Amino acid sequence: MKLGREEKSMHILIFEPRLEGHHLSWLRYIAEDFLSSGHRLTLAIDGRDQAVERYQKHLGDLLNQVSVNSIFDSDRRIKGGSKLAALNHCFVQSQADQAFVNNLDDIASSMLRRASVGVLPPRPLQGKLSGVYFRPRFLANPLWPVGNILKQIGFNRLAKGGWYHRVCLLDEYLYARHHRRYARAGLTFLPDTWSGSFNMSKSQARDHLGISPNKFVLLHYGIGTRRKGLHLVIRAMLSSTRPERWHLLYAGQLSNDKEITNGMRNLSQRGNATVFNRYVSKAEEHTCFAASDIVLLPYVGHFGSSGVLALSAAAGKMVVASDEGLIAHRVRKKGLGICFASGNTQALKNALSMAEQILGANPHRYSDAAQAFAQQCDREAFRRALTAVYSDGQMKSSSGRTAVSADGS
Numbered sequence: 092m093k094l095g096r097e098e099k100s101m102h103i104l105i106f107e108p109r110l111e112g113h114h115l116s117w118l119r120y121i122a123e124d125f126l127s128s129g130h131r132l133t134l135a136i137d138g139r140d141q142a143v144e145r146y147q148k149h150l151g152d153l154l155n156q157v158s159v160n161s162i163f164d165s166d167r168r169i170k171g172g173s174k175l176a177a178l179n180h181c182f183v184q185s186q187a188d189q190a191f192v193n194n195l196d197d198i199a200s201s202m203l204r205r206a207s208v209g210v211l212p213p214r215p216l217q218g219k220l221s222g223v224y225f226r227p228r229f230l231a232n233p234l235w236p237v238g239n240i241l242k243q244i245g246f247n248r249l250a251k252g253g254w255y256h257r258v259c260l261l262d263e264y265l266y267a268r269h270h271r272r273y274a275r276a277g278l279t280f281l282p283d284t285w286s287g288s289f290n291m292s293k294s295q296a297r298d299h300l301g302i303s304p305n306k307f308v309l310l311h312y313g314i315g316t317r318r319k320g321l322h323l324v325i326r327a328m329l330s331s332t333r334p335e336r337w338h339l340l341y342a343g344q345l346s347n348d349k350e351i352t353n354g355m356r357n358l359s360q361r362g363n364a365t366v367f368n369r370y371v372s373k374a375e376e377h378t379c380f381a382a383s384d385i386v387l388l389p390y391v392g393h394f395g396s397s398g399v400l401a402l403s404a405a406a407g408k409m410v411v412a413s414d415e416g417l418i419a420h421r422v423r424k425k426g427l428g429i430c431f432a433s434g435n436t437q438a439l440k441n442a443l444s445m446a447e448q449i450l451g452a453n454p455h456r457y458s459d460a461a462q463a464f465a466q467q468c469d470r471e472a473f474r475r476a477l478t479a480v481y482s483d484g485q486m487k488s489s490s491g492r493t494a495v496s497a498d499g500s
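Numbering (my numbering), first residue to last: 92 to 500.
Because the hints were derived from the structure by calculation, they are not lab data. This one's a predicted model, so the numbers in the text were calculated from it and none came from an experiment. Check the hints yourself; a few may be wrong.
As the list claims (entries may be wrong) - Straight-line distance between alpha carbons at most 30 Å, and here's what the computed BS3-like set of lysine-lysine pairs gives:
1. Lys170 to Lys293
2. Lys293 to Lys424
3. Lys170 to Lys148
4. Lys251 to Lys219
5. Lys170 to Lys219
6. Lys148 to Lys373
7. Lys349 to Lys306
8. Lys293 to Lys306
9. Lys293 to Lys219
10. Lys99 to Lys251
11. Lys349 to Lys373
12. Lys425 to Lys306
13. Lys293 to Lys148
14. Lys293 to Lys425
15. Lys219 to Lys99
16. Lys373 to Lys306
17. Lys373 to Lys293
Assemble the whole structure, with the sequences as input and the hints as a guide.
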């Protein structure tokens with residue numbers, strides 16, 4: 092792709108030491124979009140054999156367009172003894188112009204605490220450090236827990252010292268609240284994106300998965316843990332007065348939790364659940380969303396954004412979500428579904444019954460709202476926001492006042 096007038100080609104080191112959850116998808120998104128703007132890339136990733144197989148499977152030909160630098164040494168130890176040290180080692184070794192950390196949470200906690208008492212990051216990273224901060228809890232609550240006070244002090248010290256180039260937030264409300272206060276941190280908003288084509292019909296998807304067309308299908312997608320509220324879903328299903336009607340579709344990796352594993356086995360044996368206890372492909376992901384009536388987001392104590400919410404919107408599905416945090420705020424404000432009291436099984440059961448009634452009366456009740464939200468966080472919106480991080484306008488803004496707006500434009 093030809094560079095725009097406000098963009099210049101540079102060498103960017105992308106740091107991503109993890110493979111689980113969203114990490115591989117985001118690595119691909121970010122690498123694709125920086126390459127599309129003409130930048131040269133080095134990926135600082137897990138270079139151990141088993142990890143390399145995962146990268147090859149997920150990134151494919153993209154690996155032929157970048158350089159790769161392992162964050163582990165020949166003895167399979169992380170370089171320098173920490174992720175921050177490994178980032179600096181790979182940055183210096185690659186001779187890159189800028190460092191982009193796919194998940195700043197990987198280094199932020201210790202880096203900010205150390206900075207609060209005057210221990211600064213490695214000097215080569217000064218002014219070169221950007222990345223995505225998924226869960227900047229201290230921005231939401233700067234005083235509690237007490238550790239957030241230290242993180243706030245450290246973040247402010249690094250911002251004033253010119254250590255950051257850009258810090259990308261996935262929460263448009265935190266961005267609006269803090270981007271002037273931390274102007275020198277270069278805060279910007281980055282939409283939590285999705286990809287793919289959701290064009291399979293519900294009947295086709297259910298036929299493929301072997302699920303009856305008469306079922307009311309509830310999709311729980313992602314890791315199966317208590318933090319993601321899967322235990323609440325199991326309890327609601329097992330105590331349901333409509334076991335012949337509700338059907339749980341689960342796709343992800345179940346945690347080693349006795350209640351969850353036993354509950355899923357019980358539901359499966361009853362014929363009330365279809366379980367994919369593994370990493371699913373993009374094609375399988377789209378089939379699962381197509382087959383569902385609603386998508387469950389019953390997260391407990393969850394902070395920040397959710398890629399599953401974006402996928403739900405892209406698939407045109409109503410969501411049932413816990414009534415806390417950013418997810419609940421978006422669900423209500425954007426009209427994407429209904430919320431229930433977090434952690435309350437009976438409230439979840441009531442919400443499921445309400446969702447069934449709503450969609451029974453009007454199957455397309457949430458379609459328009461879902462489509463509108465999906466457009467706000469699609470790959471093009473993400474690409475525009477991400478590539479603006481290294482546009483000339485952003486590079487020249489030492490104060491960070493030039494920023495991507497909260498709608499990604």
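The hints, checked one at a time:
Proposed proximity of Lys170 and Lys293 is contradicted: the alpha carbons are some 49 Å apart, above 30 Å. Only pairs whose Cα atoms come within 30 Å are accepted, and Lys293 paired with Lys424 is accepted, the gap being roughly 27 Å. The straight-line distance between the Cα atoms of Lys170 and Lys148 is roughly 25 Å, inside the 30 Å bound, and the hint therefore holds. For a cut-off of 30 Å, the pair hint linking Lys251 to Lys219 stands: about 14 Å separates their Cα positions.
Annotation: proposed proximity of Lys170 to Lys219 holds, straight-line Cα distance about 20 Å (limit 30 Å). A threshold of 30 Å between alpha carbons decides the hint, and for Lys148 with Lys373 the separation of about 12 Å falls inside it, so the pair holds. Using a Cα cut-off of 30 Å, the hinted pair Lys349 and Lys306 holds, with the two alpha carbons roughly 27 Å apart. The hinted pair formed by Lys293 and Lys306 meets the criterion: a straight-line CA distance of about 11 Å does not exceed 30 Å.
Straight-line distance between C-alpha atoms of Lys293 and Lys219 comes to about 47 Å, which puts the hinted pair past the 30 Å bound. Simply put, Lys99 and Lys251 have alpha-carbon atoms about 26 Å apart, close enough for the 30 Å limit, and the pair holds. This hinted pair checks out: Lys349 and Lys373 have alpha carbons roughly 29 Å apart, not beyond 30 Å. Distance check on the hinted pair: Lys425 and Lys306 sit about 27 Å apart at the alpha-carbon level, within 30 Å; holds.
Among the hinted pairs, Lys293 with Lys148 is consistent with the structure: their alpha-carbon atoms are about 28 Å apart, no more than 30 Å. About 24 Å separates the Cα atoms of Lys293 and Lys425, which keeps this hinted pair within 30 Å; it holds. Only pairs whose Cα atoms come within 30 Å are accepted, and Lys219 paired with Lys99 is accepted, the gap being roughly 16 Å. A C-alpha spacing of about 24 Å is found between Lys373 and Lys306, which places the hinted pair at or below 30 Å, so the restraint holds.
Of the pairs offered as hints, the one joining Lys373 and Lys293 holds, with about 17 Å between alpha carbons and a cut-off of 30 Å not exceeded.
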